[in-house]
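Undergrad: Please arrange chains X, S and A on chain G, whose structure you already have, making use of the hints.
Protein chains: 4
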Amino acid sequence: NMSKVKLAVVFYSMSGTNYQLAKWAEEGSREAGADVKVLKVQELAPQSVIEGNEVWRSTVESTKDVPVATSDDIEWADAIIFSVPTRFGNMPSQMKQFLDTQGGLWAGGKTVNKVVSGMTSAQNPHGGQEATLLSLYTSMMHWGAIIASPGYTDPVLFGAGGNPYGTSVTVDQDGKMLEDVEAAVKHQARRTVEVAKWVKKGNQ
Amino acid sequence: NMSKVKLAVVFYSMSGTNYQLAKWAEEGSREAGADVKVLKVQELAPQSVIEGNEVWRSTVESTKDVPVATSDDIEWADAIIFSVPTRFGNMPSQMKQFLDTQGGLWAGGKTVNKVVSGMTSAQNPHGGQEATLLSLYTSMMHWGAIIASPGYTDPVLFGAGGNPYGTSVTVDQDGKMLEDVEAAVKHQARRTVEVAKWVKKGNQ
Amino acid sequence: NMSKVKLAVVFYSMSGTNYQLAKWAEEGSREAGADVKVLKVQELAPQSVIEGNEVWRSTVESTKDVPVATSDDIEWADAIIFSVPTRFGNMPSQMKQFLDTQGGLWAGGKTVNKVVSGMTSAQNPHGGQEATLLSLYTSMMHWGAIIASPGYTDPVLFGAGGNPYGTSVTVDQDGKMLEDVEAAVKHQARRTVEVAKWVKKGNQ
Amino acid sequence: NMSKVKLAVVFYSMSGTNYQLAKWAEEGSREAGADVKVLKVQELAPQSVIEGNEVWRSTVESTKDVPVATSDDIEWADAIIFSVPTRFGNMPSQMKQFLDTQGGLWAGGKTVNKVVSGMTSAQNPHGGQEATLLSLYTSMMHWGAIIASPGYTDPVLFGAGGNPYGTSVTVDQDGKMLEDVEAAVKHQARRTVEVAKWVKKGNQ
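Chains G, X, S and A, in that order, give the protein sequences. Note that this note's numbering numbers the first sequence so that position 159 is 159, with each residue one more than the last. Note that this note's numbering numbers the second sequence so that position 118 is 118, with each residue one more than the last. Note that this note's numbering numbers the third sequence so that position 187 is 187, with each residue one more than the last. Note that this note's numbering numbers the fourth sequence so that position 195 is 195, with each residue one more than the last.
Isolated chain G (complex conformation) (with noise of 0.2 Å):
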């Protein structure tokens, strides 16, 4: 009797943007039939600075009863999907430190094998959006994960931007996303769980 596969999907966002990528994530991913969990991580900017930022405020209120991530998270999932804004081409500090306190978990082996892909967000179309996710990949490989980005499996990426490396979106400077990636989002989602399934079960 097989279990389910156990997604984690785990995201900073100060706009909502990666939020809102996570939501769409955690309904494609239920429709493959996984257990869903979706996580954000710990903020690292004072109250202070976030308050005087109406955006990022509505964005920490809106997410407050999100669950931060934890190791055990880690540990549970069989899968996981991060989405993250870039920042200088790069994750952002907040996931970054997410992932740099998970060294326990990795020294005990237990990091291997997760199936992971990643999403992210850009205001400029080729401001980082690839390679945003290409970096968190290299961090993926030190933690012997399976890499299951979209490649180009299905034809609504294009639609998406064709983004092989993890569906990525446009913001604009009001927040608004440029491209419809939902659909995308949803695929990308699906294909992480399928991958997922069959390294459960081999791996039983």
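These are calculated hints, taken from the structure and not from any lab test. Among the hints, erroneous ones may be present.
One copy or two, it doesn't matter: identical chains are merged, so the pair holds either way.
Said to hold, decoys possible - The calculated lysine-lysine pairs, modelled on DSS-like cross-linking and capped at a C-alpha distance of 27 Å, are: (1) Lys201 / Lys176; (2) Lys201 / Lys110; (3) Lys64 / Lys6; (4) Lys6 / Lys201; (5) Lys201 / Lys4; (6) Lys23 / Lys4; (7) Lys6 / Lys176; (8) Lys201 / Lys64; (9) Lys23 / Lys110; (10) Lys4 / Lys176; (11) Lys37 / Lys176; (12) Lys6 / Lys37; (13) Lys23 / Lys176; (14) Lys23 / Lys37.
TA: Positioned in the frame of chain G, the structure of chains X, S and A alone reads:
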């Protein structure tokens, strides 16, 4: 008496896009006072394959008088702008072969302090437009080159998609460029020449 | 009745090192129950250049009965292990040409879900041993491949330099490998086959 | 009357290695005639965690008089040398946070034309010594920085492992550096200052 900056624009083009980018880079560089050579790299595909593809054949025809880049050209140059389409998120083998065969020049220390930047094209907005340039720069670090990518040094770059690693353009299936990147290319060319001027003057 | 995992080891070798890595990968893969093909990619250098280099000529001679990899081999394979020396922090043009010419296979969706890993060599410990593998995986994401790099999945990897992206080895000017990586290669091969088994079985 | 090159060495160090690299870079830079500031980035780990780790606590103690880097320091600097241990093939969150919080400086165009290079350390020879530096440079391209990595510009670099992206060192479990990289660090520092001199002079 300071001589002009010598700039080589080295491109590979199958559909004509990167030849056009190269010509815009040539214009921008000349305006910035450089002595410019536009150079193609050696084709690797068999003539029969080229003949069977109308666009490709036409590009080969239109570039038939463009000289093939040599080690002497690289040695001559103070600065180099590379222009290549992406092939699976990396430069085409034709350009890679050109780089690979500069081993003698490299061993003699003749690739050091060249000021470089790159340009690229892809069929998808996120289909390697960042990754291709980043992998080019990795090789350039082996050469001891000085990398002067455009970053966000001019507002014109935002209109071209805001690729800080170099100008990139999306090309549809008919070979038409989907963004107007001419001004961004010319800015990049001027910047490359400007940095090369500083290096050349300082180095004397 | 589950058929064996079909694994292609595709290498380029000038000094013999990557041919040796390929043969160790073949051994490890067979022990793991795979049906294995060892394949070289087409040489691009002129015969006259090869003739002038004793080591190179000797490698060409010793690999003369190794079949040249084709699209049919990639289509056949459930898993692929690539092995290449670095050339300026990226794969050699010979291997890049092989990848580039799989465009037809790629367009037909025939590169999807191949389980892949890579191996490399360099003259310097940090002379591209990481970068070369990372750029290979970038291309593999375009293929929709599933990346199963070794990570730190076995203690034997530490003795080989602890490259989580794939086994790599330093080669001195006489072509001698400076680290003993045979066991690491075999572990990597077994891991690649194991993940491919899961994917193949799940995919049926 | 040309003012001296102003160079900031910005490091994060937990075990003391990158503090040592920073001090060697300081020496090399001063010898090359630069005005140098050695600066640490803000720690993110809780005091209780640091207290529980003798080496870490000792590093915090020995660097307690080192000033914390600020945006003013980056604005002041003509050149920057970064030094960080790897964390899963990427810079630690502490350094990433420092970069992330320079958004204001970046938006004001104040990061443009800084001449930069990076240094790193890892427990494994191939455990991120290349990847960490490459991801740093990706961010630096967003800043519009000019990248002057060491390449193979001096024979001393071969003795330090021949990392063309920047000096890197392997550190054993007792925190001991396994290669003698002092001379390579000093060469890198001199080169960074030299290129910065050219840029500063040309830019005036």
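Undergrad: Flag every earlier hint the structure violates by its number, smallest first.
TA: 1, 7, 8 and 10
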